[in-house]
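Asks: Please model the complete structure; the sequences and the hints are all you need to start from.
Chains as they are written, first to last, in the working numbering: chain Y, 19 to 138; chain Z, 49 to 335.
Since the hints were made in silico from the structure, they are not lab data. Beta carbons are placed, not taken as given, at the ideal position from N, Cα and C, and that holds for glycine. Some hints could be false.
To spell it out: a stretch of chain Z is covered by chain Y in this simulated footprint if at least three of its residues, at any positions, have a beta carbon under 8 Å from a beta carbon of chain Y; those stretches are [claimed, not checked]:
(1) 137-147
(2) 290-299
Quick list of the computed label-pair ranges, beta carbon to beta carbon [unchecked claim]:
(3) Y/Asn64 with Z/Glu203: 26 to 32 Å
(4) Z/Asp226 with Y/Ala66: 20 to 26 Å
(5) Z/Pro238 with Y/Met49: 50 to 56 Å
(6) Z/Thr135 with Y/Met49: 43 to 49 Å
(7) Z/Ser298 with Y/Lys61: 26 to 32 Å
(8) Z/Thr99 with Y/Val56: 55 to 61 Å
(9) Z/Glu319 with Y/Lys61: 46 to 52 Å
(10) Y/Ala66 with Z/Pro102: 23 to 29 Å
(11) Y/Ala114 with Z/Ala117: 34 to 40 Å
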Amino acid sequence: MKVAFSTSGETLEAPLDSRFGRAAKFFIYDMNTDTFEVVDNQKNLNAAQGAGIQSAETIIRHGVECVVTGHCGPKAFHVLSAAGVQVYTSAESTVAAALEAFRAGTLSPADNADVEGHWG
Amino acid sequence: MILAIASGKGGTGKTTLSVNLAKVWGGAVQLLDCDVEEPNCHLFLKGQPITTEPVNVPIPVVNERLCRACGLCSAFCQYHAIVCLKTAPMIFPELCHGCGGCIRVCPQRALCEEQRRVGEIQTIQEDNIRLIQGCLDVGVAMAPPVIRAVKAKMERDIPAILDAPPGTSCPVVTTLKDSDFAVLVTEPTPFGLHDLTLAVDMILELGVAFGVVINRVGIGDERVQTYCQSKNIPILLEIPDDRRIAEAYSRGILMVDAFPEYRGRLEELKETIRTLQEVRGVAHANL
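Replies: In structure tokens form, the structure reads like this:
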């Protein structure tokens with residue numbers, strides 16, 4: 019199972035980005051093989067509109083089943099849930115800490131967007 | 049003649065200048081309130097609305113029985129208003145610009161158009177001034193379709209003054225497009241100058257002839273004047289920071305009605321604009 023973390027860096031120690039749609043990168047961790055890849059999301063960082071939707075499409079294209087991020091807006095949440103992707107919000111400061119929390123099962127899945135569009 | 053009043057920075061006096069110019073224009077004149085997110089020219093006119101009509105944008109609707117989830121519609125849309133995930137597409141009407149491209153690329157003809165209301169247009173007549181104002185519906189983020197609808201109501205052979213929204217983004221560009229002349233209103237402050245330079249860069253890109261009006265002269269410094277001189281931008285009028293203008297304004301009274309000296313200066317401004325625009329027209333004809 020692949021889990022995506024919103025981040026600004028490329029390592030486990032990089033900060034967890036509190037924004038989903040406008041995160042600079044996605045750190046995609048494969049729980050089965052304990053490997054990861056980093057996907058660039060730079061073009062959505064500066065998009066005027068539709069950043070959440072396009073970021074969600076990127077996540078889905080990479081076969082991700084769960085997303086861990088700070089906050090998720092309504093359009094991104096709508097697209098992710100339509101594709102069966104589970105969204106978890108976390109206030110952890112690094113990708114590593116968020117991954118640990120996800121593994122430990124202390125994060126609970128969001129059943130709604132937790133912020134308005136364009137909040138960040 | 050189509051004259052646009054724009055600014056860059058908000059609150060510099062676009063509406064003040066637009067309505068005062070309309071008042072002194074003489075003869076039939078159209079005043080177009082293109083600041084559709086908060087139209088306020090009407091506050092200074094007494095006429096009642098003579099027509100009110102809705103503005104709609106066409107958005108796609110999918111027939112799920114025909115859709116084969118090929119994703120061509122989604123791939124075509126530059127605004128990500130359609131998302132296709134191996135199921136029937138999800139449509140986000142608030143992101144749709146109404147271009148109709150998705151409908152054309154669908155091999156199954158599974159998409160058709162539906163009208164989505166985004167605002168309305170009102171026409172108000174006061175004596176020789178016809179005010180056409182757009183008003184964006186609450187919750188709608190896209191102003192250009194309403195601005196285009198306002199401009200479509202304009203009669204070509206009657207002079208038109210367009211009160212633009214602030215800024216330099218799509219709504220302003222939509223307003224300024226096809227204007228014969230533009231006035232950029234600014235104030236003599238660092239903030240006013242900063243946004244004026246942005247507005248100048250935008251208008252040079254659009255190729256519309258323009259000049260600057262400096263409002264509330266006396267509250268800041270000389271940097272706007274220095275900038276205009278260095279760029280060869282004509283300063284068409286300087287309005288002093290006169291408390292009496294603000295007091296009259298707060299009661300809905302225009303400076304040209306309250307103070308004869310300002311009526312004279314606005315009439316001169318109108319003549320200056322006409323002359324500059326004609327010179328420009330001749331230059332164009334000689335190209």
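Asks: Compare the structure with each hint and give your call.
Replies: To see whether the hints hold, each was checked on the structure:
no., hint, result
1, 137-147, "holds (count 3)"
2, 290-299, "violated (count 0)"
3, Y/Asn64 with Z/Glu203: 26 to 32 Å, "violated, 41 Å"
4, Z/Asp226 with Y/Ala66: 20 to 26 Å, "holds, 24 Å"
5, Z/Pro238 with Y/Met49: 50 to 56 Å, "holds, 54 Å"
6, Z/Thr135 with Y/Met49: 43 to 49 Å, "violated, 26 Å"
7, Z/Ser298 with Y/Lys61: 26 to 32 Å, "violated, 47 Å"
8, Z/Thr99 with Y/Val56: 55 to 61 Å, "holds, 57 Å"
9, Z/Glu319 with Y/Lys61: 46 to 52 Å, "holds, 50 Å"
10, Y/Ala66 with Z/Pro102: 23 to 29 Å, "holds, 26 Å"
11, Y/Ala114 with Z/Ala117: 34 to 40 Å, "holds, 38 Å"
Checked against the numbered hints above, the structure breaks hints 2, 3, 6, 7 and satisfies the rest.
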